[in-house]
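> Given chain A, work out where chain B should sit, using these hints.
2 protein chains.
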Amino acid sequence: MRIYENPQPAQWAELCRRAEQDNSLIAERVAAIVERVAEQGDSAIRALTEQIDGVQLSQLEVSAEEIAWASEQVSEQVKQAIEVAMKNISAFHEAQMPSEVRVETQRGVVCVQRPVAIQRVGLYIPGGTAPLFSTVLMLALPAKIAGCREIILCTPTNKQGRVASEVLYAASRCGVSRIFKVGGAQAVAAMAYGTESIPKVDKIFGPGNRYVTLAKQLVSGRNTSIDMPAGPSEVMVMADESADAEFVASDMLSQAEHGRDSQAMVVCNSLALAEQISAAVERQAAALDRADYVAESLAHSRCVVFDNRDQMIAFANEYAAEHLIISMSDAWGVANEITAAGSIFIGNYSPESAGDYASGTNHTLPTSGWAHSCSGVNIDSFMRKMTIQELSQDGIKSLAPTIIAMADAEGLQAHANAVRVRIEKV
Amino acid sequence: MRIYENPQPAQWAELCRRAEQDNSLIAERVAAIVERVAEQGDSAIRALTEQIDGVQLSQLEVSAEEIAWASEQVSEQVKQAIEVAMKNISAFHEAQMPSEVRVETQRGVVCVQRPVAIQRVGLYIPGGTAPLFSTVLMLALPAKIAGCREIILCTPTNKQGRVASEVLYAASRCGVSRIFKVGGAQAVAAMAYGTESIPKVDKIFGPGNRYVTLAKQLVSGRNTSIDMPAGPSEVMVMADESADAEFVASDMLSQAEHGRDSQAMVVCNSLALAEQISAAVERQAAALDRADYVAESLAHSRCVVFDNRDQMIAFANEYAAEHLIISMSDAWGVANEITAAGSIFIGNYSPESAGDYASGTNHTLPTSGWAHSCSGVNIDSFMRKMTIQELSQDGIKSLAPTIIAMADAEGLQAHANAVRVRIEKV
Numbered sequence: 001m002r003i004y005e006n007p008q009p010a011q012w013a014e015l016c017r018r019a020e021q022d023n024s025l026i027a028e029r030v031a032a033i034v035e036r037v038a039e040q041g042d043s044a045i046r047a048l049t050e051q052i053d054g055v056q057l058s059q060l061e062v063s064a065e066e067i068a069w070a071s072e073q074v075s076e077q078v079k080q081a082i083e084v085a086m087k088n089i090s091a092f093h094e095a096q097m098p099s100e101v102r103v104e105t106q107r108g109v110v111c112v113q114r115p116v117a118i119q120r121v122g123l124y125i126p127g128g129t130a131p132l133f134s135t136v137l138m139l140a141l142p143a144k145i146a147g148c149r150e151i152i153l154c155t156p157t158n159k160q161g162r163v164a165s166e167v168l169y170a171a172s173r174c175g176v177s178r179i180f181k182v183g184g185a186q187a188v189a190a191m192a193y194g195t196e197s198i199p200k201v202d203k204i205f206g207p208g209n210r211y212v213t214l215a216k217q218l219v220s221g222r223n224t225s226i227d228m229p230a231g232p233s234e235v236m237v238m239a240d241e242s243a244d245a246e247f248v249a250s251d252m253l254s255q256a257e258h259g260r261d262s263q264a265m266v267v268c269n270s271l272a273l274a275e276q277i278s279a280a281v282e283r284q285a286a287a288l289d290r291a292d293y294v295a296e297s298l299a300h301s302r303c304v305v306f307d308n309r310d311q312m313i314a315f316a317n318e319y320a321a322e323h324l325i326i327s328m329s330d331a332w333g334v335a336n337e338i339t340a341a342g343s344i345f346i347g348n349y350s351p352e353s354a355g356d357y358a359s360g361t362n363h364t365l366p367t368s369g370w371a372h373s374c375s376g377v378n379i380d381s382f383m384r385k386m387t388i389q390e391l392s393q394d395g396i397k398s399l400a401p402t403i404i405a406m407a408d409a410e411g412l413q414a415h416a417n418a419v420r421v422r423i424e425k426v
Numbered sequence: 427m428r429i430y431e432n433p434q435p436a437q438w439a440e441l442c443r444r445a446e447q448d449n450s451l452i453a454e455r456v457a458a459i460v461e462r463v464a465e466q467g468d469s470a471i472r473a474l475t476e477q478i479d480g481v482q483l484s485q486l487e488v489s490a491e492e493i494a495w496a497s498e499q500v501s502e503q504v505k506q507a508i509e510v511a512m513k514n515i516s517a518f519h520e521a522q523m524p525s526e527v528r529v530e531t532q533r534g535v536v537c538v539q540r541p542v543a544i545q546r547v548g549l550y551i552p553g554g555t556a557p558l559f560s561t562v563l564m565l566a567l568p569a570k571i572a573g574c575r576e577i578i579l580c581t582p583t584n585k586q587g588r589v590a591s592e593v594l595y596a597a598s599r600c601g602v603s604r605i606f607k608v609g610g611a612q613a614v615a616a617m618a619y620g621t622e623s624i625p626k627v628d629k630i631f632g633p634g635n636r637y638v639t640l641a642k643q644l645v646s647g648r649n650t651s652i653d654m655p656a657g658p659s660e661v662m663v664m665a666d667e668s669a670d671a672e673f674v675a676s677d678m679l680s681q682a683e684h685g686r687d688s689q690a691m692v693v694c695n696s697l698a699l700a701e702q703i704s705a706a707v708e709r710q711a712a713a714l715d716r717a718d719y720v721a722e723s724l725a726h727s728r729c730v731v732f733d734n735r736d737q738m739i740a741f742a743n744e745y746a747a748e749h750l751i752i753s754m755s756d757a758w759g760v761a762n763e764i765t766a767a768g769s770i771f772i773g774n775y776s777p778e779s780a781g782d783y784a785s786g787t788n789h790t791l792p793t794s795g796w797a798h799s800c801s802g803v804n805i806d807s808f809m810r811k812m813t814i815q816e817l818s819q820d821g822i823k824s825l826a827p828t829i830i831a832m833a834d835a836e837g838l839q840a841h842a843n844a845v846r847v848r849i850e851k852v
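In the order they appear, the protein sequences are chains A and B. Quick note, in the working numbering, the first sequence goes up one by one and the last residue is 426. Quick note, in the working numbering, the second sequence goes up one by one and the last residue is 852.
With the rest of the complex left out, here is chain A:
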């Protein structure tokens, strides 16, 4: 891990840089997949699944029998863990439910802001070696709490045409309406355009590989919203003398095992601490199975040392980490000055993995600096806010001069006229 002491602000942008992803080579292929699914529906899905995933699907939808069978495969221990996580995630997301806002801005002019659930949402859950059933909880529970009418889930199968039992079990526990055995860009296209089997949705959520990410970006410019732009996962740990180097190292490694592109950053206030953390990372890394991933990921790691707290905070805000662990004596004070981060973990006993799984916060968070402008997934992500207004006869009469003066000044005659025809009849 390279250590930088008191870098000048001019260097910060370079130090905040993430591993670049060049997606231009696959962009055409993704666009072709999306077009094909939009035009040919299920038959394209079947052909692409055979071609790309090497799986022949008899039916696209997971049956009730498959779900029942899967539920029997999940261990009691994992089932209990899922119950605890569900309880905490539900409690935190229920508390986020927005209320209707109603203001009479002037006599006879009532304005309402009403939260309404997005009707149809689609969740994408990646396949691969590890079944990411925790992501099912993080997306399906808030969707259910928000009141989404239809919750579709797409996930690729293994070579035997089977979906991980934990994913099916979690989906059935969390109120997912229908599950489809489709992955990759073709799944995103199916949910954006709809096919004979798979319903079109209004918004697509969830992580995925570069094909999935590109397909989401593509449809988000056309007809379907997406949760957020996606990039490789990342963590920043802010540490001072109150931090425990072993804990910091363990958090950096739990980030590093996510993938080769992951980034773990440290911002601390002494070279001695930086070196302790670096040594602890090497020692702990040696004991891990995913050593290949971890080593590549750690090559992107940087440790930045600043003499003063203000610069530590300014640098953290410029980086805008997906996960920000603050292991500092005044952790809450520092957190109060953080303007850009996905999720903050306070003190020595709040590892990222707590939030990844079970504390209650959502683990779908903005990466690559998007925390400057985007929230992580929360209850709002599954709702829209619609305004409603009602003017009484008194209301339109008293507001008429204002509307007419502004419409006239903007040269919009018919806008003024819509008020005049009413005033004449009041």
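Among the hints, a few may not be true.
Derived BS3-like pairs (lysine-lysine); straight-line CA-CA distance at most 27 angstroms [stated by the list, open to error]:
| # | chain 1 | residue 1 | chain 2 | residue 2 |
| --- | --- | --- | --- | --- |
| 1 | A | K87 | A | K144 |
| 2 | A | K79 | B | K823 |
| 3 | A | K397 | B | K513 |
| 4 | B | K570 | B | K626 |
| 5 | A | K425 | A | K397 |
| 6 | B | K505 | A | K397 |
| 7 | B | K505 | B | K585 |
| 8 | A | K87 | B | K513 |
Don't read these hints as lab results, they were simulated from the structure.
Frame of chain A, contents of chain B only:
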């Protein structure tokens, strides 16, 4: 205006279709402008402004003297109207301010959802024949209320290098930090990448022509968030026997004057009413100055007649109008069943122009069916929600078995380890 009686649901998608925009021809040009500004900064801005707008700019930023001079040009009547509108818009948006949410999900596990202002926002205000100073109010006031630290505004000048006085006056009244005389795709690129003169922002807001829209879409896939996808403006009026055909017609025409692509739709419950509205539209249109715009826009208009209320509502939800006027006897009852619309106007005395200018609601709203998944601009648009969590030693101890069981089942060894190293020391 073409009238459709009881169309079958299979026809609805066609009836809900918006005027298509083919942007593929200008996409390359927009991409080239964005690249050039990203690479060459101010010099590219100056060259492009001369080339595209035919204006040579001595300085890009509007000076304090220009603002002071502009303020003297605005009539007292317009100033008073702006004050009324500001008061109402501020009152409604202040009431929308979210609060921090704090939940102890289980003993020793505290989760917080904290709203934080987006630090740097950029507002785009179109130039053209009409100075859209109302949009300055709709974007700058919520940005200020949300607490954005820096509010940048870009707007093109006229051939004399001047910005409309009303725009400058409104910007200075609403707390805009800095104003730049730049328009088009180059303005969007400047705010996304920053130049020597124009600061990079985190999120870009505001309407614009197809160049602006495409540039916003482009940067939203790279490094800068945008308010929402943009399309031509539209209104739907739901009417029954309680409606006044003259009022309905005036609302349709105030939509039609926005531009040639605008769409005005009627959904009503009798052919007689449909014909009355159609006749009123023709009569009123004849008296308008912007007759050319209006006629072209009215060519996209459709009137759909349904025998029953449920179908009227289902069709309105499928269309997902930017503006939905409900001129029906049970207007609130109908509104309660609307799941997709940008903003709703209740009854006979709530014309769209009230919300466009001064009632208090925001006029930056989702078009082209995006109201299925997007909100209009509101206080949330200028804020992020960040989560914070703190586990005590008790908290991590009681949550450890859950986190470890889930991490093990997902094959994420280092995630489990980050908990184990802590438990060992508790």
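> Does each hint fit the structure? Answer for all of them.
Do the hints match the structure? See the list:
1. A/K87 / A/K144: holds (13 angstroms)
2. A/K79 / B/K823: Holds. A/K79 to B/K823 sits at ~19 angstroms (cutoff 27 angstroms).
3. A/K397 / B/K513: Answer holds: A/K397 to B/K513 is near 17 angstroms, not above 27 angstroms.
4. B/K570 / B/K626: With a Cα-Cα distance of about 18 angstroms, the restraint between B/K570 and B/K626 holds, given a limit of 27 angstroms.
5. A/K425 / A/K397: Since the Cα atoms of A/K425 and A/K397 sit roughly 11 angstroms apart, the hinted pair holds (cutoff 27 angstroms).
6. B/K505 / A/K397: At roughly 19 angstroms apart (the allowed maximum being 27 angstroms), A/K397 and B/K505 satisfy the hint.
7. B/K505 / B/K585: holds (25 angstroms)
8. A/K87 / B/K513: Violated. A/K87 to B/K513 sits at ~43 angstroms, over the 27 angstroms cutoff.
When the structure is compared with the earlier hints, a violation turns up for hint 8 alone.
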